[in-house]
Every structure is written in C-alpha cells, then in structure tokens.
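K.L.:
Single-letter residue listing:
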Amino acid sequence: MADKQQGRDKSAGAWASFGQALRRRAEEKAAHLPENRDTPSPEEIRRTFHELRVRQIELEMQNEELRRTQAELAAVRTALRKSNLYLDSMIACANTPVIVWDPRFKIIRLNRAFETLLGRKCGEVAGKSVEIIFSQEHQPEYMERIRRMFSGERWEALELKILHQDGSLRTVLWNSAAIFEEDGKTPLAAIAQGLDITLYKRKEMQLRERNEELSRFAYAVSHDLKSPLVTIKTFISYLEEQDIPRQDSAAIAKDFSFINTAADKMSRLLDELLALSRVEQNINAHVEIPLRALMEEALALVAGRISECSVKALIIDEMVTLFGVETVTLSGDRQRLLEVFQNLFDNAAKFMGEQPDPLIEAGVDLSGAEPVFFVRDNGIGIDPRHQAKIFGLFEKLDSVTEGTGMGLALVRRIIEAHGGRIWVESEGPGRGTTFRFTLANATKISGGLNA
Amino acid sequence: MLENELVTILLVEDDPAHAEIVRRSLKNFRVAIRIAHVKDGQAALDYLFRRDAYANPETSPRPAIILLDLRLPKVDGLEVLRLIKEDAELIKIPALVLSTSKAESDVAAAYARGAVSYLVKPVDPRVFSSLMEAFCLYWLTWNKFPASNRI
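One line per chain: the protein sequences are A and B, in this order. When we follow the working numbering, the leftmost residue of the first sequence carries the number 1, and every step to the right adds one. When we follow the working numbering, the leftmost residue of the second sequence carries the number 1, and every step to the right adds one.
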C-alpha cells in the first residue's frame, strides 16, 4: 500500500515538472513571435483576457483528464504485471509439461516439467524448431498435426511421443490450441500442455502380460496338470484289467514306467508353478554377489548333467580383462539370480544334441552402453521361427526332452524383477544358441573404466 | 464304409503316454488301421506336405483322418489346422481335435480353423475307452472319405 502511494506521488511530481517544462518551451516560442505594436482597445483587452481564462480552464480540465488517464494506465500496468506473474508461475510450476512455439514453429518457451520430459533445459532448445522434441520417425506426421493447429485445429488428448535426451520415447497425451491476432487469422503462437502417460502405458502392458500369464496358468491347470492324470489313471486301469491278469510282464513294466513319468512330470510342474508364483511375492533381501562366484555355483548345481553329456563349461574372463574391470558384482536376490544361471546352463547342456565337442560359455560383455550377460552354447540351436515362443509359460519346443516349459519363463520373470530383459540369438538349427540378458538394477562394476 | 482297406490315421500327439493310450484303444477294434504318429506340429506339417523325412508317399501315405492335440511343441495344433485348411488337397482330410483342454476358447478356435470334431480326453479310463470306441465306429466304420484321402 505504501509503495503504491509513493508511486502515485512520484508520478504526480513527474507530471508537475513535465508541466513546467512545457511552460518554458511555450515562453520560448512566444518570445520569437513578432511583437504586436498596435495598442489594443480596452474592449479587445477584455475579450482577450476572457478568452485566455477560458483557455486556461479548458487546459486545466484537459490536464485533469490526462492525469486520470495516466493513473488508469498505471493501474492497468500493475494488473497486467500481476496477471503475467500469475500465468508465468502457473506455467513454470505446473506439474504438466507446457510448451509454446511461434508461427514459424520456433520454440518460445517450455516449463520445468517439459524440461524433465525432454531431459534438456529451456535454454538449449529455445529458438529451435519444435520438431526437435520428436523422434525422426515421428517428425513428418507430428509436424503435419502442428501445422494444422495454426489453421484452427485443436488437440484434445492427442497421443504423441516425445523424444527424451537419452533416446527413450515418452508417451504423452496433449491438449493444445493456437492463439491468433484480433483478426482471428494471423497466428501469434501455439501452446500445448501434456500429460506423461508413459508409466501408465507400461503398467497397462505389464498388466496385460500378467493377465495373459494368468490365463495360461489356468490353462495349465486344466491341461498340463490334467494330462499326466489321464495317463496315470488309464495305465492303472490297463494294469488292473489287462496286463496284470494276463501276467504280461513287458506290458506291466511299460505301464509302470508311463505312470512314473507322469507322476514325476506332475510333481515337477507343481514345484515350478510354486517357484514361479514366488518370484514376485517373495523377493529375498538383496545382497551383493561377485558374478564369477555366482556363475561357478550355478555350474556346480548342474554339474551332473554337464558331466553326463561331457560338456565343457567355460566362464569367460576376456571381457573383464579387456576393459580392465576388476570385478562385476551383482546386487539382488541371490537365490533367484542363481536360478537364472542354473536354468540357462541346464538348458544349454540339455539341448546339446549330437555335438561332438559340446561347449558352454558364459560371461559378461562390457563393450556396450550397459553390461550384457551371456550364456552361449554350440548345441542344437533354435529355429528363428520358434524363438518368440520360448519365453512363454509352458512352451516347449522339443517334445522329447524332459522339462515343463517353465524354466525360461521363470528366468525371464526373475530378470524382469531385477530391471533387466532377456533375448535369444540363434542362427537356426544346429548353429548353437546364445541367451543374452541385462540386469539394470542389479549390476555393479568396480575398477577399470567405470572406477 | 471301407472294406478291408488299410486306413491311415495321422496322430499328432506330443505325450508318448497318450499316444500309447490311443494306440492301445484302437488295437481293440477290427478295422485295419495304420497309425502314423508325429510328436509336434512342425512334424505334422512336414508329414502332410511330404517334406524331408516324410517325402516318400510309400512310407508316409496320406492319412484318411487326422487326430490332433492342441498344445504341441514348435507349431501348435491351431496353427497346424489353419495351414492344412488353406491347402486345396489337405482340406479334404477331416481333422479331429483330441485334447485335455476344455477351454471354450480352444473349442471355438479349433472349429473356426476347420476342425470337424472336438474330443476332450477323459480322465476316467472307461470313458476314454468308450470314446475311442465311438470314434472308431463313426469315423472308421461308417464315415465315407474321398478317394484322395487314401493316396
């Protein structure tokens, strides 16, 4: 309030000195006028005097009017400043990303939320074409939408993907509109406000995957568990009604063997279903484990099969040496991470086929942006046509080999629970198989380049 | 009706125990049957399209009928159905599903891809046996197949 009063006083003072300056200039001008030598009559003097008084009053009234206008302008200026501040901080502090660009598609401003979305500061992108916020793949389509905005198109919950500095794409729902000059045609700027739904999208996808898995789970109970039951019951009836009364010892042995296999399969299925359901429920406390020790322990657990198939297993240290890294340490659920390597080693040994020099190699590749673990074999390989299937629950490519089709589904679950992903590479049947995976939330490297 | 003719059934079944059950059930009937047993969807397609190991029509005769499980390694039963029903010749071979699955989605999908019948493997051995008996009576005794199914 005091400030405001002072402002008004100050401007009143300025007004007075402006009046004085005007007076000075008027006197200077008057001095240069030719002097009137005729002596005016009293009547003329009276009239002129009257005229001057009226003029003076008129001028004072005009002055008053000007002063009022000036005060009004000051008030408008204050209000405008307030409203600007209000809008500015509203945009700046908003949780949702906001961006403004001009009719030539140059970025004028973006708020903090947009900086986060983009992974770049406003200063880096201001003045640049708005297309830089999109990936090259999307630019043609999105820029067309942006152009149409200046011919009056508004966006309502339009889904566009924004390119983050780190190369990732964020899915954002946009609302936007262009603003125009009073003529309603000449564009001034366009303002867009978004809602980052990347996380929701990801959750939605995970949910969909989980649902699919759940229905496969239900399917498994109706099919995979029922199937050995059919076997057990039928062969028991064969024993009772045919093979035992006939004392057909060869058939009896065969019947028992089918029953045994089916019972084993059921028990294995139940164990693995249980293991699978525990991956997320029951994550053990995270501990640090040197990668090498973990791989050695996993190898020891599958030693039986490895020696049975006379497989040579190697843990590759090359990459570690090459990059001067001292140790790669995993930090996570020890039991589960062990299961990952155990399953992959077991798998590799199981699918060796007729390979005369079976070899399994395991290690970590540090040459890329993030460490990639691998387990590679020179076994039977996987036909590219079937590679997409193998991580699904209860998928088996080979009907002969024992197994429930849950091993790799379990491996994938564990890896995903540790923030990683897994994929398979194989040039086809007979060309060996390489499983590669990352463990984003579980890898620590010490020494070497990253030290 | 088929008189004294050897009928080939293509049995697509990954579980060796179930294949044995089908084999034993069929053995009890008079009809002369030859069972060609394959253990996955890929092998079923190779057999039907006479590829690789199944190239010789002498040893891999065209089946009169296909008994198909749905959950199969490599290529699943539904995909096998879809592919054989796209073929002008193979479409003439009736394909029957024999599966443990009762899931409505499987039943609907099988018929949508041209299965002529859907049989659920019963847990009760007696029911299984009467099911196979009914199958033999209907499909192998009464049913008339086109001549091409025997080539």
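Hints may contain errors.
To be verified - Example chain A residues on the side facing chain B (calculated, C-beta under 8 angstroms, incomplete):
id : residue
1  : I197
2  : K201
3  : H223
4  : F258
5  : N260
6  : S277
7  : S310
Unchecked claim - FRET-style restraints, in silico, Cβ to Cβ:
id : chain 1 : residue 1 : chain 2 : residue 2 : range
8  : A       : E144      : B       : E89       : 38 to 44 angstroms
9  : A       : R246      : B       : P146      : 38 to 44 angstroms
10 : A       : L169      : B       : K92       : 49 to 55 angstroms
11 : B       : A53       : A       : E212      : 33 to 39 angstroms
12 : A       : E212      : B       : P146      : 38 to 44 angstroms
13 : B       : E104      : A       : I197      : 32 to 38 angstroms
14 : B       : P146      : A       : E144      : 55 to 61 angstroms
15 : B       : A88       : A       : L207      : 39 to 45 angstroms
Hint data in this document are derived by calculation from the structure and do not stem from the laboratory. Values in this document were obtained by computation on a predicted structure and should not be read as measured data. Glycine included, C-beta positions come from ideal geometry on N, C-alpha and C.
K.L.:
Verify the CB-CB distance for E212/A and P146/B against the hinted window 38 to 44 angstroms.
P.N.:
For E212/A and P146/B the Cβ distance comes to about 40 angstroms; the hint holds.
K.L.:
May I ask you to test the interface hint for F258/A with respect to chain B, counting a Cβ-Cβ separation under 8 angstroms as satisfied?
P.N.:
This interface hint holds because 4 angstroms falls under the 8 angstroms limit.
K.L.:
Between the beta carbons of L169/A and K92/B, is the distance compatible with 49 to 55 angstroms?
P.N.:
50 angstroms, holds
K.L.:
With respect to the beta-carbon atoms only, verify the hint that P146/B and E144/A lie 55 to 61 angstroms apart.
P.N.:
Check passed, 57 angstroms falls within 55 to 61 angstroms.
K.L.:
Is the interface hint for S277/A satisfied, with its Cβ closer than 8 angstroms to some Cβ of chain B?
P.N.:
Since the shortest Cβ distance to chain B is 21 angstroms, the answer is violated.
K.L.:
With chain B as the partner, please determine if I197/A meets the hint condition of a C-beta pair closer than 8 angstroms.
P.N.:
Check failed: Cβ of I197/A comes no nearer than 30 angstroms to chain B, outside 8 angstroms.
K.L.:
Report holds or violated for the interface hint on S310/A, using the least CB-CB distance to chain B and a cut-off of 8 angstroms.
P.N.:
Interface hint status for S310/A: violated (26 angstroms vs cutoff 8 angstroms).
K.L.:
Hint validation: K201/A versus chain B, beta carbon distance must be below 8 angstroms. Holds or violated?
P.N.:
26 angstroms, violated
K.L.:
Does the Cβ distance between E104/B and I197/A fall inside 32 to 38 angstroms?
P.N.:
With a Cβ separation near 34 angstroms, E104/B and I197/A satisfy 32 to 38 angstroms, so the hint holds.
K.L.:
The hint names N260/A as touching chain B; please verify it with the least Cβ-Cβ distance against 8 angstroms.
P.N.:
10 angstroms, violated
K.L.:
Just to be sure I understand the hint, the distance between the Cβ atoms of R246/A and P146/B should be within 38 to 44 angstroms; is that true here?
P.N.:
Given a distance of about 40 angstroms, which is inside 38 to 44 angstroms, the answer is holds.
K.L.:
Is it true that E144/A and E89/B lie within 38 to 44 angstroms of each other by Cβ?
P.N.:
50 angstroms, violated
The structure fails hints 1, 2, 5, 6, 7, 8 (numbered hints given earlier, in ascending order).
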